[in-house]
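K.L.:
Chain by chain, the residues run as shown.
2 protein chains.
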Amino acid sequence: MQKPLILIANDDGAYSKGLATVINMLKPYGDLFVCVPEQGQSGQSQAITFTRTLQVKKLKDEPGLRFYVTDGTPTDSVKLAFNKLLDRKPDFLVSGINHGSNSSISAYYSGTVGAVLEGCFHEIPSIAFSLLTHLEDADFVAAEKYARRLFEWVLSLEDKSDVCLNVNIPYLPENEIKGIKLCRQTIGKWQEEFLEQEVDGEIRYLMTGSFVNFEDGAEDTDEWALKNGYIAVVPLSRDSTNHDKLKKLKDVSIF
Amino acid sequence: MQKPLILIANDDGAYSKGLATVINMLKPYGDLFVCVPEQGQSGQSQAITFTRTLQVKKLKDEPGLRFYVTDGTPTDSVKLAFNKLLDRKPDFLVSGINHGSNSSISAYYSGTVGAVLEGCFHEIPSIAFSLLTHLEDADFVAAEKYARRLFEWVLSLEDKSDVCLNVNIPYLPENEIKGIKLCRQTIGKWQEEFLEQEVDGEIRYLMTGSFVNFEDGAEDTDEWALKNGYIAVVPLSRDSTNHDKLKKLKDVSIF
Numbered sequence: 000m001q002k003p004l005i006l007i008a009n010d011d012g013a014y015s016k017g018l019a020t021v022i023n024m025l026k027p028y029g030d031l032f033v034c035v036p037e038q039g040q041s042g043q044s045q046a047i048t049f050t051r052t053l054q055v056k057k058l059k060d061e062p063g064l065r066f067y068v069t070d071g072t073p074t075d076s077v078k079l080a081f082n083k084l085l086d087r088k089p090d091f092l093v094s095g096i097n098h099g100s101n102s103s104i105s106a107y108y109s110g111t112v113g114a115v116l117e118g119c120f121h122e123i124p125s126i127a128f129s130l131l132t133h134l135e136d137a138d139f140v141a142a143e144k145y146a147r148r149l150f151e152w153v154l155s156l157e158d159k160s161d162v163c164l165n166v167n168i169p170y171l172p173e174n175e176i177k178g179i180k181l182c183r184q185t186i187g188k189w190q191e192e193f194l195e196q197e198v199d200g201e202i203r204y205l206m207t208g209s210f211v212n213f214e215d216g217a218e219d220t221d222e223w224a225l226k227n228g229y230i231a232v233v234p235l236s237r238d239s240t241n242h243d244k245l246k247k248l249k250d251v252s253i254f
Numbered sequence: 000m001q002k003p004l005i006l007i008a009n010d011d012g013a014y015s016k017g018l019a020t021v022i023n024m025l026k027p028y029g030d031l032f033v034c035v036p037e038q039g040q041s042g043q044s045q046a047i048t049f050t051r052t053l054q055v056k057k058l059k060d061e062p063g064l065r066f067y068v069t070d071g072t073p074t075d076s077v078k079l080a081f082n083k084l085l086d087r088k089p090d091f092l093v094s095g096i097n098h099g100s101n102s103s104i105s106a107y108y109s110g111t112v113g114a115v116l117e118g119c120f121h122e123i124p125s126i127a128f129s130l131l132t133h134l135e136d137a138d139f140v141a142a143e144k145y146a147r148r149l150f151e152w153v154l155s156l157e158d159k160s161d162v163c164l165n166v167n168i169p170y171l172p173e174n175e176i177k178g179i180k181l182c183r184q185t186i187g188k189w190q191e192e193f194l195e196q197e198v199d200g201e202i203r204y205l206m207t208g209s210f211v212n213f214e215d216g217a218e219d220t221d222e223w224a225l226k227n228g229y230i231a232v233v234p235l236s237r238d239s240t241n242h243d244k245l246k247k248l249k250d251v252s253i254f
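Line order of the protein sequences matches chains X and B.
Everything in the first sequence is counted per numbering that gives the first Met the number 0, starting at 0 for the first residue and increasing by one.
Everything in the second sequence is counted per numbering that gives the first Met the number 0, starting at 0 for the first residue and increasing by one.
Same shape as in the complex, but just chain X:
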């Protein structure tokens, strides 16, 4: 029997500690195929590149590990893997481990999560992992253990259809993590503050911001789980229709 083929994506680039962690973690489970942007591409969402050509470089080709980098976005890289570089459809896609949170609506802006949605569009079980720290040299020991446990849980699922998971891990020592919670995505927004900086006599704007939780205290949300020491697992949909609203609008439609 063929070993499972696991496609690995990320948005922090080829040399991030989170990527090294996920490669190390997944080695026992199958043949790994890494295809990521060579440089960091945070905040790229599901951006795609079709107005210029993309570069692909092979970094490694060892038994059990093929490793490619591109100069595209995370989604470009996954599309290149699926449609050009891989000789068969992968069995799983794993993205991350991202340096920084992708909970609540940050999932929308995230290249890590964007890559996972591409896996879901291709109908393979796909998981995004993110650790709640931006430290380049973060301690991934606890994150790796829990990510492994979650991956084994996915392996064990009888029904692997529509497995498209956004996993966020609090940055806590292992003994302070309270467990894993299946959650829904928190509704909220980012309240940006653009810092003004003068560059060559011109005012330019640097995006910073803080998250505003519209559902503070809702115990079934990912924000609540993370705030309370749990790992948050949100199943994502590839259908962005608001079905409730669709029904309501049909009732008042004038067409």
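Hints are computed from structural coordinates only; laboratory data are not their basis.
Just so we're clear, the structure is a prediction, and the values are computed from it rather than from any experiment.
Fair warning: there could be bad hints in the mix.
All copies of an identical chain are treated as equivalent in the list; a pair is satisfied when it fits inside any one copy or across any two copies.
To be verified - Straight-line Cα separation of at most 27 Å, DSSO-like style, residue types lysine-lysine; simulated pairs:
#1 Lys246 - Lys177
#2 Lys59 - Lys2
#3 Lys249 - Lys159
#4 Lys177 - Lys249
Given the coordinates of chain X, assemble chain B onto it according to the supplied hints.
P.N.:
Below, chain B alone, put in the same frame as chain X:
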């Protein structure tokens, strides 16, 4: 009473015919505030820029029309408008009219739709319009009429909460458009074909592709509507949780 304030976004840039169309169409309904990427930014999804500063330039400041351009993405531009440039919260956000389809999962990759989701996060009624042609000099006469009718319909809605619409308009003469249909988003994927091009002795890859409809013939989908001469209106959700899957996974959870 203050006139409604309408924020206008797009991803085709400041000089696109679709933007000129939407400005002309919306002038009778309120004060317009345009904030868009100066150059085209198709396929930018909800990408955001926080690793460099952003430029903002004022193009116009006339009664009823303020017009700014940025060197950021469509979502950057909307965030700049909300958080830096506008003196009050807008009453509506309209994005487009995009040159090219944003139906089915193309909505995910689209900067036009990305901008609209940002409006939804800020809880204002938001509409993305796209016309199914990439022609720069497309004929927008029919599209403008129908877009106006849809905007007036939104104005007339008693309950404007969660109005977050993705509207695609077939590129047909007005008398061949059969009407407007409220739809759900089609499930499908893009099957990419990367064209190989030699640049300076190196093989590079150009993304092209074709859409694969997983639900061909489903009459309640946007793809069906467009194929059959209807304008497709899909209400989008700002909650990307797969609630059905969440329930199922809770039943088999080992945590």
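K.L.:
Checking an output row: lysine 249 and lysine 159, CA cutoff 27 Å. Within, between, both or neither?
P.N.:
between (34 Å within a copy, 14 Å between copies)
K.L.:
As a check of your reading, is lysine 59 near lysine 2 (CA-CA no more than 27 Å) within one copy, between copies, both or neither?
P.N.:
Only inside one copy: lysine 59 and lysine 2 sit 19 Å apart there, 61 Å across copies, limit 27 Å.
K.L.:
At most 27 Å between C-alpha atoms: does lysine 246 with lysine 177 qualify within a copy, between copies, both, or neither?
P.N.:
For lysine 246 and lysine 177, the Cα distance is within 27 Å only across copies (21 Å; inside one copy 39 Å).
K.L.:
At most 27 Å between alpha carbons: which applies to lysine 177 and lysine 249, within, between, both or neither?
P.N.:
between (44 Å within a copy, 17 Å between copies)
Checked against the numbered hints given earlier, this structure breaks none of them.
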